[in-house]
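S.K.: Protein chains in written order, with my numbering: chain R, 1 to 445; chain V, 1 to 277; chain B, 1 to 295.
Note that these hints are calculated values from the structure, not bench results.
Glycine included, each C-beta is placed from N, C-alpha and C at the ideal position.
One should not assume that every hint holds.
Partial list, derived from the structure: chain B residues whose beta carbon lies under 10 Å from chain R [to be verified]:
| no. | residue |
| --- | --- |
| 1 | K9 |
| 2 | G45 |
| 3 | G46 |
| 4 | N48 |
| 5 | N132 |
| 6 | L153 |
| 7 | D155 |
| 8 | P156 |
| 9 | V159 |
| 10 | G242 |
| 11 | G244 |
| 12 | A258 |
Computed footprint of chain R on chain V; a stretch qualifies when at least three of its residues, placed anywhere within it, have a C-beta under 8 Å from a C-beta of chain R [claimed, not checked]:
| no. | region |
| --- | --- |
| 13 | 36 to 49 |
| 14 | 219 to 229 |
Below, computed lysine to any residue pairings styled on SDA-like, alpha-carbon distance capped at 25 Å [what the hints assert, rightly or not]:
| no. | chain 1 | residue 1 | chain 2 | residue 2 |
| --- | --- | --- | --- | --- |
| 15 | B | K287 | V | K63 |
| 16 | V | K104 | B | K157 |
| 17 | B | K157 | B | L112 |
| 18 | R | K358 | R | W370 |
| 19 | V | K63 | R | W370 |
| 20 | B | K287 | V | D164 |
| 21 | V | K39 | R | E56 |
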Amino acid sequence: MKRRICLLLIGIMTMGIVLTGCGNDKDDVETEKKSADEDIVITYAHFQGEGDCQYESIQNAIAAYENDNPGVTIKQEYYPPDPYLLQCDTWAASDELPDICMVNGSMASDYADVGSILDLTSLADEYGITDKIDQSYFKEMSFKDSIYGIPWEDAHYAFIFYNEGIFEECGIESFPKTIDELIEDSRKISDAGYIPMAMGDKALWPADSLAFSAFVNNYVGNEWFEHILDMDGKAAFTDQEFVNALADYQKLATEGVFNEDLSSIDNDQRGALYQNREAAMISAGNWECSSLVGVAPEVAEETQVALWPAPAEGAKATNSVVSSSAWGLALGANIDEDKIPYAMDFIANYICSNDFGKTLTENQGLFTPWHVDYDASKLNIITQREQETSGQPDVTRCLNWDSSLPASVKDVYQRGLQEILTGVKDADTLAQDMQDAYEDVVSMQ
Amino acid sequence: MRSVKETVLTILANILALLITFTCIFPLIWLLYNSVKDKYQFMKDTISLPTNPQWGNYAKAIKLGNLIPATFNTLFNVVITVVLVSVASVIVAYFLARYNFKGKKVVSAIFLIGMLIPLYALLVPMFLQYKMLGMTNTRFVLILPYFAMQVPLGIFLCESFIQDIPREIEEAAVIDGCGLSQIIFKIIFPLSKPMISTVAILTLLASWNEFAFATVLSSDSKFRTLSVAIQSYSSGREMEYTLFLAALVMVSIPIILIYFIFSKQIINGMTAGAVKG
Amino acid sequence: MKKSAIKVKTGRIYLYILPFIIMFAVAYIIPLCVAIGISFTNWRGGKNIKFIGIDNYMKLFQDQGFWISFLNNLKFMVLMLIFQLGFAFLFALFVQSKRVKLKGFHRRAIFLPSVLSSFVVALIWQIVYNKNFGLISAVAEKIGLEDKVPLWLDDPKIVINSLAIVLIWQFVGQYVIILMAGLQNVDQSLMEAAMMDGANTFQSTLHITLPLMKPTLIVCITLCISGCMKLFDTIYALTGGGPGSSSMVTAMYAYNQAFKLKQFGYASAVSIGMIILSLILVLASRKILNRKEEV
């Protein structure tokens, strides 16, 4: 009898669990309804935690906005980076994205395709964002010529940190100007016991975005990529220039420019190799400048910034460097219509503002795509060197093209890059595989 | 008098055992001493002992990852899940092991298939389901999924165990006038202690470290679990390794402690079984 | 099956087990049905969803990527069944034996790796396997064998074996405690009687302990097979499926289809395909093992 009661209790507990779960949310809905009359709440999901570069700027922006707009609250939802990506994808799939969320180029395209985020083209105009930010920065956040994300960073990447001290030790007087020179110099470096260029491609994006993106642009040029993205048939992955780029990139691995274990170490570890003076070069991004100075000041002293060499013959561009906004802000498709002005006001005037940019640039060494008045003397030496190198007149600015590629092509591309670097696949096969995937997508348009 | 051969074999056996267990323990020791390393020293060298111990890493890690509420959330989920799974496993296993009843094959099949489902297949459907019920980001939302994740294995383990419990004990109890529920709770449960402890530990582990469901169903800061919180140490581009390790130590220690407590149950159960012979 | 001690009506049995079945159904079976439903569509997220019949399954049949991943799962399965279960069983017996001291210590220690989350395991083994500052390389350098050290995780030919070592280390403890709990039902006096009759340890283990452990072993094999089909976390953390796709496994393949390529419909079909394959393997293994009993 006692035990039967016990079982009954378990049954009740189960029911209780289910009901309480529902109950919780009902309470929330009621409180929200009450506060809706008084307060407008805008949800903003991001992954900028306390240690993050943009953290300070964001908190200041939110505080300033709420100060100027009593009655409107911006409810932050911080997620750690990897959970954020998974959560965001799940939200997008079920059309449940919050009012404001962070997206990168690929996410912007994917979510736009299924209608989970809003078309911001006219809003960006209306709120003066397109006046502040150069059109080229919107390209990555666009889908079919409409803007879906507001870029918030001017990130430079796929440039090379090289240790002048090591170069001198190995008898190399200046940074190689062609790929062949790079390979030759790398032999001298590895003979001296260093890793020529450290690469940590476990996550699949470094070999692609952090290195190949600028490397390949020197072979094919910006226009070629525009044709690919426009799907007008004027460019194909099987074009000779692209195949050459793949083949030469593979050569970097076979000729020992890259370390052998590139597919099992991650990006941080490759950075550590450079910081510990075990590697002479890394292909890097400008967010790494301040940490290099902080972690390894002596190596930072010896560090100079160079751009990827071009092939000796047939280069369609030289001194390519990626200059794009890796991330941006998007509005979820479910946002209340009345909230849109508030959200846009926040983004246009508090995020895309001088204050936001000034804090970011002076304290963190990162840049924004809108003009900011900052004190150049506050920049660390590496950032200064990078700015100098990327600011030269003959530099070709390119985008991180793959973030605008269809997901299936990008997948073959990134995994394929790792495969050619580890000798699993050859350049021609990869080019063909990419072209096949690409044509599949084109035929469905 | 033991022969030389005996002694040598004994020594070798013990050395072998120690080597094996050393490889199992070393990672924890490694975690411990690296978690107090200076960030810069860690990047240079992960093997040697810290030269400049940063005892503050633990406090920093707790703050950065907001670990205290996360610990509570995980404990809450895990304790309830373990209790539910343990009880459910024994009861269902008992009936599967001892009785033939209509629909028994279906019941067995349902739980077997449950054991074979890959987690990520259910991620989006589950999210849709709980979103519809309005239960995402609530206190209890993870209990049912965690229960379902572990109960099939629990049932199968208990089933094989209960099959070996001699029927004479039950028959004797019936003669003494015991009813069904008394057999289950006064006889089967106590006798199954070793297996219940095993099921409890396995459930504890799987639920403690589970992060996919925890991310998608309940990663709002209030109800965030430890497995999601410990991913707070990377900023998407770079990682705070030493703080991460400190957090990992703090995440692993509770389970190790609980395991040590539970393993006594298993060992006691074993001795009891041998004597019963 | 022998008759049970008391006769119980079916209805009463369900009184006890129905609450749990319902909980399980709500938690797992309903989402599974939703997943099955999605697998017959071309859903890519958002509002557009179109029924496409069995197209996804036809695609699955011919999908080389999937079958190569499945082959990898099978490779892991064979390695795990032989080495992980084998080692667990031997360890469980070994630690029982009279020779070994500190039994409790050993039993507890072997379980510690499975306490760690897969992130930690991956982190630790990354450092063990690392070419530049890894443990293995450091030891090899000291004894002058540094050239012979293979690229554990970068060589497509051996990456699966390297991963298998990690997985064996990580989960062997779980099997040890299951086997230990099962061993306690094996009557020690039977073993002793056999030994007194002249059988040595090996023979008595083979002919007495092993058969008596059969139910537990079958559960372990089922667990191993299902576990190997669902392999994800540790591999994802260590190699991400690389180099290239050399260590890609089916669960990761489904994950990529869903979250990288946003092909939720196809990903569901892949998952259902995985469940069916696992079911076939588990049922086949049970049939084989139960047939042995009749012999």
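S.K.: Against this structure, judge whether each hint is valid.
M.R.: Here's how the hints hold up against the structure:
1. K9: The hint is violated - K9(B) has no Cβ within 10 Å of chain R, the shortest such distance being about 15 Å.
2. G45: Holds. Min distance 4 Å.
3. G46: OK, holds: G46(B) within 10 Å of chain R, min 3 Å.
4. N48: Status holds, d = 7 Å.
5. N132: Holds - the Cβ of N132(B) comes within 10 Å of chain R, reaching about 7 Å at its closest.
6. L153: Holds - the Cβ of L153(B) comes within 10 Å of chain R, reaching about 4 Å at its closest.
7. D155: It holds, given that the least Cβ distance between D155(B) and chain R is near 8 Å, below 10 Å.
8. P156: Check passed: Cβ of P156(B) comes within 5 Å of chain R, closer than 10 Å.
9. V159: holds, 8 Å
10. G242: It holds, given that the least Cβ distance between G242(B) and chain R is near 5 Å, below 10 Å.
11. G244: holds, 3 Å
12. A258: Since the shortest Cβ distance to chain R is 8 Å, the answer is holds.
13. 36 to 49: holds (count 4)
14. 219 to 229: holds (count 5)
15. K287(B) to K63(V): violated, 54 Å
16. K104(V) to K157(B): Given that 25 Å is the threshold and the Cα spacing comes to 46 Å, the pair is violated.
17. K157(B) to L112(B): Violated, because 30 Å separates the two Cα atoms, which is more than 25 Å.
18. K358(R) to W370(R): holds, 11 Å
19. K63(V) to W370(R): violated, 34 Å
20. K287(B) to D164(V): Judged against 25 Å, a Cα distance of about 21 Å means the pair holds.
21. K39(V) to E56(R): holds, 22 Å
Comparing the model with each earlier hint shows violations of hints 1, 15, 16, 17, 19; every other hint is respected.
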